[in-house]
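**Q** Read off the chains here:
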Amino acid sequence: MTKQPTARNDLLLMAVFTLAILTMPIWAAPFGAGYPDLLQKFAIYGLFAVGFNILFGLTGYLSFGHAAFLGVGSYTAVWSFKLLSMNVIPAVIFGMMTSGLFALLIGYVSLRRSGIYFSILTLAFAQMSYNLAYSVLTPITNGETGLQLAIGDARILDNMFASEAATAIPATNLFGIEMSGYPGFYFCAALLIIGFYIALRITRSPLGTILKAIKSNQNRMNYTGLNTRPYTLTAFVISGMYAGLAGCLLAVTDPLAGAERMQWTASGEVVLMTILGGVGTLLGPVLGAGIIKYFENIFSSYNDQVLHGIFAFLPDPIENVLVAITGLFVGDGWHLTLGALFMVIVIFLPGGVIEGFTRLYSWVRAKVKQDAGGNSVNNGKSQPQSAE
Amino acid sequence: MSILSVNNVNKSFAGLKALNQVNLEVEEGSVHAIIGPNGAGKSTLLNCFVGRLIPDTGTVNFLGQSLLGITPHAINQAGVARVFQTPEIFGDLTLLENVKIPTLAKRDGAFSLRAWSRIDQDSLVTDKAEHILEDVGLIEKRDILAGSLSRGDKRRLELAMCLVQDPKLLLLDEPTAGMSRADTNNTIDLLKRIGERGITKIVIEHDMHVVFSLATKVSVLAQGTVIAEGAPEDMKGDPRVQEAYLGGAHL
Ligand SMILES: Nc1ncnc2c1ncn2[C@@H]1O[C@H](COP(=O)(O)OP(=O)(O)OP(=O)(O)O)[C@@H](O)[C@H]1O
Ligand SMILES: [Mg+2]
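Top line first, the protein sequences correspond to chains A and B. Under UniProt numbering, the residue at position 325 of the first sequence is numbered 325, and the numbers go up by one with no gaps. Under UniProt numbering, the residue at position 196 of the second sequence is numbered 196, and the numbers go up by one with no gaps.
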């Protein structure tokens, strides 16, 4: 039996999620993650993964090109800062619009195929965008240097109300509140909570059920009178807009945009986040994004000196060997750690961290019941609730 | 009046003639059985009705409209539903969700964006879905995943998914294969009951008990050709039919 979540369950989920995100600066601090730069990344990549999951987890289409939409969102946001205003609202709106349009175009073509061919098509499109950003499109992207703000930018809206010309590059802001540090985090967090809520509503809606059905059996779908193409395209555009929004927020918190954001490694990263957390679950992608960004931050900051410090208590030859080995897994080599972690998860917990929690939960339940004695087995529900 | 008329349909697979000049008239409100030995082309014929295959030559008209070149989902929207020989269901969805999908398709059309309302609070869809699950005797299993059902139950679920759409024409490819005698009889009863709703049915069956309890007309297909056609009683003793089945199923 799978217990179907009710509206009340979902309200609870939303409340807990909101609370957890808003109090993150407090509870992440003991883990050494309580500073705004990293917290912003958690929220931004969480949003990216939540949207990606609507396409991958719900609809069953594995895109290897979603970083392209991230990049488009970033470029649009920076252009909005340059041309219109340093206010983040227009940047967010335009960023989502352009990434949505871009997704419509790429999705329309890629969704003519499914399975591995779809994945390859999206990968090809993203790599094309990446290369174009470095070559033909340099007037828009500023090529290798990346798109940056300048004192002399037009900023039409801002300058209409400004009394004198700017003497320094102004900061991105939300009606005057500067979007760096904690305010920046809370802005991203608010959008993550809204984005999560929208994903929740979609999952529980007729549309969400239809998307799940497409993933389950596309053949039955056709003979059931539903035209799958516009549904998959809808899922594609929605997830592209989430990616675009995430790209905007990267630019909001650090106003520059470079083509490397569109590289295939970035597309791969969101796949890893989703799988690591739990494909098709609501919370999984957010967890996966958090875990990857957290470990990236920790492991990539380690260097040989830190390692020598850690292993200093050992005799020198052993210390040196250990440092040499572990050194491969930290710093720039942290992707090696990520790869190992990913393999362990896929092999032992194909449902990701969420599946781990679910298993742990039912194990604890069974244990508690056992300890309570065999005669009271029948009180309460006996079904393990699937964590979502 | 015939609801479906098939004229001189031919279909070959790499030289193998699966259908050879097939002609068929299906009367509105009838239960038209198609019988024949394995490999006779029965499923291939149904494939030509639902848009899975396009005949090489010939015409297929449903209510006076050609079905050739029409997409499967549009054919379903026009009122043709099909139960497949190997059950096609949504294995990762619960039974209730499985039945809700065709209910939505019937109510909202081939594409509609309902992304904000909760499907579990859509009482119209839920009621209809629960009602049909009750009809086929699967209501207690409404919350389990369809993939875990027995083969017989999968068939009944697929039947429910078709019936919930109130189709004008229902195509059944061996609807009782893999069912116990008791379940087969339940299904016959169910199909008789929906017969009262006036749904025209084409039934492919190897089980002659089912054929003779349901069919108003029988066509016998062998090697891609209709070799005999008539009332069920007449077909029983027909020497051509005996011939076609020699070594095949029992008549
Ligand atoms: N897609 C296909 N490609 C190639 N050959 C096919 C295809 N579909 C059917 N055939 C062949 O066409 C012939 C008719 O097959 P069909 O499935 O229609 O038979 P059937 O009457 O439904 O048999 P059964 O009672 O076993 O279901 C068979 O020889 C089969 O191998
Ligand atoms: Mg067949």
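Hints were generated in silico from the structure; no laboratory data involved. All figures in this text were calculated on a predicted structure; none of them were measured in a lab. A portion of the hints provided could be inaccurate.
Derived SDA-like pairs: lysine to any residue, alpha-carbon spacing no greater than 20 Å straight-line [what the hints assert, rightly or not]: (1) B:K17 with B:E28; (2) B:K106 with A:Q218; (3) B:K106 with A:N219; (4) B:K154 with B:H131; (5) A:K212 with B:Y245; (6) A:K212 with B:K154; (7) A:K212 with B:K106; (8) A:K212 with B:D183.
**Q** What's the verdict on K212 (chain A) and K106 (chain B), does the C-alpha distance respect the 20 Å limit or exceed it?
**A** holds (18 Å)
**Q** Between K212 (chain A) and K154 (chain B), is the straight-line Cα distance small enough, at 20 Å or below?
**A** Judged against 20 Å, a Cα distance of about 18 Å means the pair holds.
**Q** Verify the proposed pairing of K212 (chain A) with Y245 (chain B), using a straight-line Cα cut of 20 Å.
**A** violated (43 Å)
**Q** Are the Cα positions of K154 (chain B) and H131 (chain B) separated by 20 Å at most?
**A** holds (17 Å)
**Q** For a C-alpha distance cap of 20 Å, please report whether K106 (chain B) and N219 (chain A) respect it.
**A** holds (17 Å)
**Q** Measure nothing beyond the straight line between the CA atoms of K17 (chain B) and E28 (chain B); if it is 20 Å or shorter, mark the hint as holding.
**A** Given pair K17 (chain B), E28 (chain B) is violated - Cα atoms ~29 Å apart, limit 20 Å.
**Q** Regarding the pair K106 (chain B) and Q218 (chain A), is the alpha-carbon distance no greater than 20 Å?
**A** The hint holds at about 17 Å.
**Q** Does the alpha-carbon distance linking K212 (chain A) and D183 (chain B) stay inside the 20 Å limit?
**A** Since the Cα atoms of K212 (chain A) and D183 (chain B) sit roughly 30 Å apart, the hinted pair is violated (cutoff 20 Å).
Violation of the numbered hints given earlier is confined to hints 1, 5, 8; the remaining hints are satisfied by the structure.
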